[in-house]
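Chemist: Letter by letter, the chains look like this.
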Amino acid sequence: MSASLAPECNEVKERYDTCFLKWYSEKYLRGAEKDNKECAGLFNEYQKCLSVALKDRGIDKLLDEAREDNKENDVRLTAPRK
Amino acid sequence: MVLTHSTNHTYSHPFPTVTLAYFLRYSSPQLNPFAAHVLSTDTISSHVDPETQRLYTTRIHLKKSRMPSAVYKLLPASVSGGGSGEKASYILETSVVDIKEGWMKTESRNLNFTGVLSVVEKQHFKVPSSSEAVARNETDVNSSVSFKSRLGEKLRGKLGQAQESSGTGWLPGLLGGLGAKGIQRSIESLASTKTIDQLSKSRDGMRLVLERLRNGGVIGVMEKLRQERQRQAMTM
Numbered sequence: 001m002s003a004s005l006a007p008e009c010n011e012v013k014e015r016y017d018t019c020f021l022k023w024y025s026e027k028y029l030r031g032a033e034k035d036n037k038e039c040a041g042l043f044n045e046y047q048k049c050l051s052v053a054l055k056d057r058g059i060d061k062l063l064d065e066a067r068e069d070n071k072e073n074d075v076r077l078t079a080p081r082k
Numbered sequence: 001m002v003l004t005h006s007t008n009h010t011y012s013h014p015f016p017t018v019t020l021a022y023f024l025r026y027s028s029p030q031l032n033p034f035a036a037h038v039l040s041t042d043t044i045s046s047h048v049d050p051e052t053q054r055l056y057t058t059r060i061h062l063k064k065s066r067m068p069s070a071v072y073k074l075l076p077a078s079v080s081g082g083g084s085g086e087k088a089s090y091i092l093e094t095s096v097v098d099i100k101e102g103w104m105k106t107e108s109r110n111l112n113f114t115g116v117l118s119v120v121e122k123q124h125f126k127v128p129s130s131s132e133a134v135a136r137n138e139t140d141v142n143s144s145v146s147f148k149s150r151l152g153e154k155l156r157g158k159l160g161q162a163q164e165s166s167g168t169g170w171l172p173g174l175l176g177g178l179g180a181k182g183i184q185r186s187i188e189s190l191a192s193t194k195t196i197d198q199l200s201k202s203r204d205g206m207r208l209v210l211e212r213l214r215n216g217g218v219i220g221v222m223e224k225l226r227q228e229r230q231r232q233a234m235t236m
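Line by line, the protein sequences are chains Z and S.
Read left to right, the first sequence gives residues 1 to 82 (UniProt numbering).
Read left to right, the second sequence gives residues 1 to 236 (UniProt numbering).
Same shape as in the complex, but just chain Z (with noise of 0.2 Å):
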């Protein structure tokens, strides 16, 4: 898989992508088990590394901003079908 920006986390980034992977085509695509629980512990692992690199480059500033200027973006994609 491809990197993780902050390379100390690229083994447990390739660990979760893998079971997401995994999850994604065997199970939500088949339309069984809709929850990914199983990929869940791995993820949690993933952010708690990750979340060190995006405070320190400043991404979670860039993160907040967009979501700012997002709102009606959020709307629109979650918005229900007619």
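Careful: at least some of the hints might be erroneous.
[Stated by the list, open to error] Once the Cα atoms are required to be at most 30 Å apart in a straight line, the calculated DSSO-like pairs of lysine-lysine come out as: (1) Z:K37 with S:K100; (2) S:K224 with S:K63; (3) S:K87 with Z:K22; (4) S:K122 with Z:K61; (5) Z:K34 with Z:K22; (6) S:K100 with S:K87; (7) Z:K22 with S:K201.
[Said to hold, decoys possible] Coverage of chain S stretches by chain Z, computed from C-beta distances (three or more under 8 Å per stretch; other residues unrestricted): (8) 12-21; (9) 31-40; (10) 105-113.
It should be emphasised that the hints constitute simulated quantities derived from the structure, not laboratory data.
Just so you know, even glycine gets a beta-carbon here, dropped at the ideal spot from N, CA and C.
Here the structure of chain Z is known, so what remains is to put chain S in place on it, guided by the hints.
Modeler: Only chain S this time, still in chain Z's reference frame:
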């Protein structure tokens, strides 16, 4: 002003495979040589809505900048980061998949350099409406990209944006001479010409990933990625 470009395309692969290819498209230059400019990809949120069963995913990609050099030349170093300096952009990608209703909506936008240029790409993949097209295992996609330059406009203090108050004094002169709107429009049109070239490459990349999924399935593709990782680890 906002420049928008919109296209329709049909993939000759079924909808679930197309959504999988979307998630896989940046996973490795071996899988998709058209993604060599993608330096990293991280997932920052992923959840299934328990009521609608839609999957919401947010990722951040770091890409070598797509901003054309012509745009850089228009900008003073204090804005562009100077010469061959920081030319990587953080891209925020949000996606929603509804497997029951058969659609996926995605949006990508740049997180830095937004004071110079905002590029927002939206894609709407869906199972085709005609039963013949469904029988042929096709997937329709509408893509739109919009370009908006806010150079010279007063914004909240953002990273990587033009700082009028920085005291360099270039901005009033530059904008006074050429006109803020003129500069903004040049940036938008330069960027759109470049991006439209790249849209076909991005479709070629999707098609390659789709072909590999058709030939090897997801397990085959993941196995290839795993082998590639091992090779990399051995050469390190």
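Chemist: For every hint, state whether the structure bears it out.
Modeler: Hints and how they fare:
no.	hint	result
1	Z:K37 with S:K100	holds, 20 Å
2	S:K224 with S:K63	holds, 23 Å
3	S:K87 with Z:K22	violated, 34 Å
4	S:K122 with Z:K61	holds, 23 Å
5	Z:K34 with Z:K22	holds, 13 Å
6	S:K100 with S:K87	violated, 40 Å
7	Z:K22 with S:K201	holds, 27 Å
8	12-21	holds (count 3)
9	31-40	holds (count 4)
10	105-113	holds (count 5)
When the structure is compared with the earlier hints, violations turn up for hints 3, 6 and for no others.
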